[in-house]
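Work out the full structure, taking the sequences as your base and the hints as a guide.
Heads up: the sequence shown begins at 9 in the working numbering, then just goes up one per residue.
Hints may be right or wrong, so weigh each one.
Derived DEER-like restraints, expressed as beta-carbon distance ranges [stated by the list, open to error]: (1) K130 x N97: 17 to 25 Å; (2) D205 x K294: 35 to 43 Å; (3) D274 x R300: 18 to 26 Å; (4) W189 x D274: 22 to 30 Å; (5) S226 x R56: 33 to 41 Å; (6) K190 x N97: 43 to 51 Å; (7) S122 x W189: 28 to 36 Å; (8) R243 x L40: 20 to 28 Å; (9) E202 x T152: 26 to 34 Å; (10) E331 x L84: 31 to 39 Å; (11) G85 x D260: 39 to 47 Å; (12) L84 x D247: 26 to 34 Å; (13) K198 x D58: 40 to 48 Å; (14) R175 x E150: 29 to 37 Å.
In silico SDA-like cross-links for lysine to any residue, where the CA-CA straight-line distance does not exceed 20 Å [unchecked claim]: (15) K223 x D192; (16) K288 x R157; (17) K250 x R191; (18) K68 x K99; (19) K240 x H287; (20) K320 x L225; (21) K297 x S261; (22) K61 x K297; (23) K190 x L140; (24) K65 x I301; (25) K130 x E93; (26) K288 x H148; (27) K82 x L92; (28) K288 x Y245; (29) K207 x D278; (30) K250 x N188; (31) K198 x N188; (32) K130 x L170; (33) K240 x L271; (34) K250 x G155; (35) K253 x D145; (36) K250 x R154; (37) K168 x L125; (38) K82 x T152; (39) K293 x L94; (40) K65 x I102.
No wet-lab data here; the hints were simulated from the structure.
The C-beta atom is built at its ideal place from N, Cα and C for all residues, glycine as well.
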Amino acid sequence: MLFYKIKPTLTLYLLIIVLLCCAASISLSQSLRYGGLIFDAMAQIDERTDFFKAIKKVRKSGVSKLALFARSRKYLGQNEDEVLELGNNNKDLIILGSPKYFLLRDDLDEDYISITLENIIKYNYLFIGEILYTHADKSHGEQTLRGERYVDPLQPGTRKFLNELSRFNIPVMTHWEVYNWKRDWPRFSKIYSEYRDLKFIIPHMAFGHPHQVEKILSVHPNVYMTISKKEKDQRSYSDRKKASKLGPGFLDSSRILRNSWALIFDRYQDRLLFATDAHKRRRWKKYRKIIRIYREILGQLPRQIAEKIAYKNAADLYGVIVE
Numbered sequence: 009m010l011f012y013k014i015k016p017t018l019t020l021y022l023l024i025i026v027l028l029c030c031a032a033s034i035s036l037s038q039s040l041r042y043g044g045l046i047f048d049a050m051a052q053i054d055e056r057t058d059f060f061k062a063i064k065k066v067r068k069s070g071v072s073k074l075a076l077f078a079r080s081r082k083y084l085g086q087n088e089d090e091v092l093e094l095g096n097n098n099k100d101l102i103i104l105g106s107p108k109y110f111l112l113r114d115d116l117d118e119d120y121i122s123i124t125l126e127n128i129i130k131y132n133y134l135f136i137g138e139i140l141y142t143h144a145d146k147s148h149g150e151q152t153l154r155g156e157r158y159v160d161p162l163q164p165g166t167r168k169f170l171n172e173l174s175r176f177n178i179p180v181m182t183h184w185e186v187y188n189w190k191r192d193w194p195r196f197s198k199i200y201s202e203y204r205d206l207k208f209i210i211p212h213m214a215f216g217h218p219h220q221v222e223k224i225l226s227v228h229p230n231v232y233m234t235i236s237k238k239e240k241d242q243r244s245y246s247d248r249k250k251a252s253k254l255g256p257g258f259l260d261s262s263r264i265l266r267n268s269w270a271l272i273f274d275r276y277q278d279r280l281l282f283a284t285d286a287h288k289r290r291r292w293k294k295y296r297k298i299i300r301i302y303r304e305i306l307g308q309l310p311r312q313i314a315e316k317i318a319y320k321n322a323a324d325l326y327g328v329i330v331e
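And the structure:
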């Protein structure tokens, strides 16, 4: 009889201990979360996403500034007017960049160059939206015959564009990925070296390994990187061989920042930018979750470093005030 009397009491004690441990874990997680200002240094949008709902998510997430550009998938300038209107209606939040044009192949074409340069002045763009130089096919996206979108940065169009762009003090987003490092790194390194007066942004750290990020940033002081889409390993590549060349995500299986990445954050704290790269509808849908995850990542860094990456670096780069 004594056993049956003790067992419920013991069970209750164990349950209380478990609940206390869970509460302590949640409390610790929240205490480690970065709670300061956020500047989303890169996001993009097209007609498939509800603009009003997207901006509502940004505001509810506590984001102070958003660097936004249109996605022009079908023709040059598609969605540009709508994004300009969105920017005008949210001047306290949004800064605008030139549209991302999906139909570039092998080189930048004349229409893209001339219209983009003209619209920098016309619309006061503060940066050049993502140029897709290399972009491997993803399982959830377009499947190309060559397995990638490719624009060679050493072709004449890029040099012509960058020569003209030198008279504007705005950064350029150059999207490339490390899966063909031997082909692409020497090309981009040459461009970054030739145009030292321009500032370049590489989205998603090019999905690189820490040693590749170290190589790029140590050689080129005019290059910045966003930390978007690096919270976990990339699993979306259609080609497994390409996927095997990518670097690991920031967090280990226990959601702790890997030491190899912590060293990069420390060493290059002045040139890393927080960004969500919200683009397609499904990523905009989980915008608030992305912000929460990155607040946890930033919370594992010293406060001074976290603030630089969260908003100060982007504010300096784009020349705006964040409050």
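Pairwise hint evaluation, L94 against K293, where the allowed Cα distance is 20 Å at most:
Holds. K293 to L94 sits at ~18 Å (cutoff 20 Å).
Starting from K250, check that the Cα of N188 is at most 20 Å away, please.
Judged against 20 Å, a Cα distance of about 8 Å means the pair holds.
Taking the CB of S226 and the CB of R56, does the distance hold inside 33 to 41 Å?
holds, 39 Å
Cβ distance range 17 to 25 Å for K130 and N97, holds or violated
With Cβ atoms ~19 Å apart, the hint holds.
What's the verdict on K82 and L92, does the C-alpha distance respect the 20 Å limit or exceed it?
holds, 18 Å
Has the given pair, K65 with I102, been kept, meaning a C-alpha gap of at most 20 Å?
holds, 13 Å
Holds or violated: the 29 to 37 Å window for the beta-carbon distance between R175 and E150?
With Cβ atoms ~35 Å apart, the hint holds.
Holds or violated: K250 with G155, Cα cutoff 20 Å?
holds, 10 Å
Compare the distance between the alpha carbons of K240 and H287 with 20 Å, and conclude whether the hinted pair is satisfied.
holds, 18 Å
Taking the CB of E202 and the CB of T152, does the distance hold inside 26 to 34 Å?
holds, 29 Å
Could you grab the alpha-carbon distance between K250 and R154 and see if it respects the 20 Å cut-off?
At roughly 13 Å apart (the allowed maximum being 20 Å), R154 and K250 satisfy the hint.
Outcome of range test on Cβ distance (R243, L40; 20 to 28 Å):
26 Å Cβ-Cβ, so the 20 to 28 Å window holds.
Against the hints set out earlier in the document, no violation occurs for any number.
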